[in-house]
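Asker: With these hints in hand, go ahead and build the complete structure from the sequences.
So for the sequence shown, this note's numbering puts the first residue at 1; every next one is plus one.
What the hints contain is simulated information worked out from the structure, not anything from laboratory work.
Incorrect hints may have been included.
[What the hints assert, rightly or not] Below are the DSSO-like pairs computed for lysine-lysine, each with C-alpha atoms no more than 27 Å apart in a straight line: (1) Lys22 with Lys97; (2) Lys62 with Lys97; (3) Lys22 with Lys62.
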Amino acid sequence: MRHSLLFLFFFLFATPLFANCKPDEQVGFRSYNFRIENDYFNNEDSNYTSGVILSGVTHDFKGDVRNECLPVISRLHGGLLSFIDTGLFKKQEGYSKNIYFTGSQLMYTPVDDKT
1 MRHSLLFLFF
11 FLFATPLFAN
21 CKPDEQVGFR
31 SYNFRIENDY
41 FNNEDSNYTS
51 GVILSGVTHD
61 FKGDVRNECL
71 PVISRLHGGL
81 LSFIDTGLFK
91 KQEGYSKNIY
101 FTGSQLMYTP
111 VDDKT
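Answerer: Put into structure tokens, the structure is as follows:
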């Protein structure tokens with residue numbers, strides 16, 4: 001199970017290996033954040049039990065970005081958003097862009113009996 005999660009992580013967030021992208025067209029992540037939370041350590045419940053959060057942000061890119069040079073998860077999401085904003089990944093003078101993602105799993109319990 002753990003290996004399949006790692007494979008899924010790299011598949012979704014890694015820049016495509018076989019795309020014909022120039023070095024300035026490649027979008028790579030500059031940082032990742034992995035956080036585990038649990039209310040046991042705080043001695044405070046507030047109906048929150050535990051959670052896992054994974055997030056990351058890419059390097060800034062200033063030029064046009066081809067869809068095939070984006071990480072898989074960004075390509076899928078960008079494909080959906082391009083129906084709304086056709087210039088989403090196009091160059092805009094004076095602006096730089098980056099991609100930020102976050103995925104989380106949070107558990108809330110209405111009653112948490114501590115023994």
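Asker: Now, for every hint given, state plainly whether the structure supports it.
Answerer: Status of the hints after comparison with the structure:
1. Lys22 with Lys97: Holds - the C-alpha atoms of Lys97 and Lys22 are around 18 Å apart, at most 27 Å.
2. Lys62 with Lys97: Holds, at about 6 Å.
3. Lys22 with Lys62: holds (14 Å)
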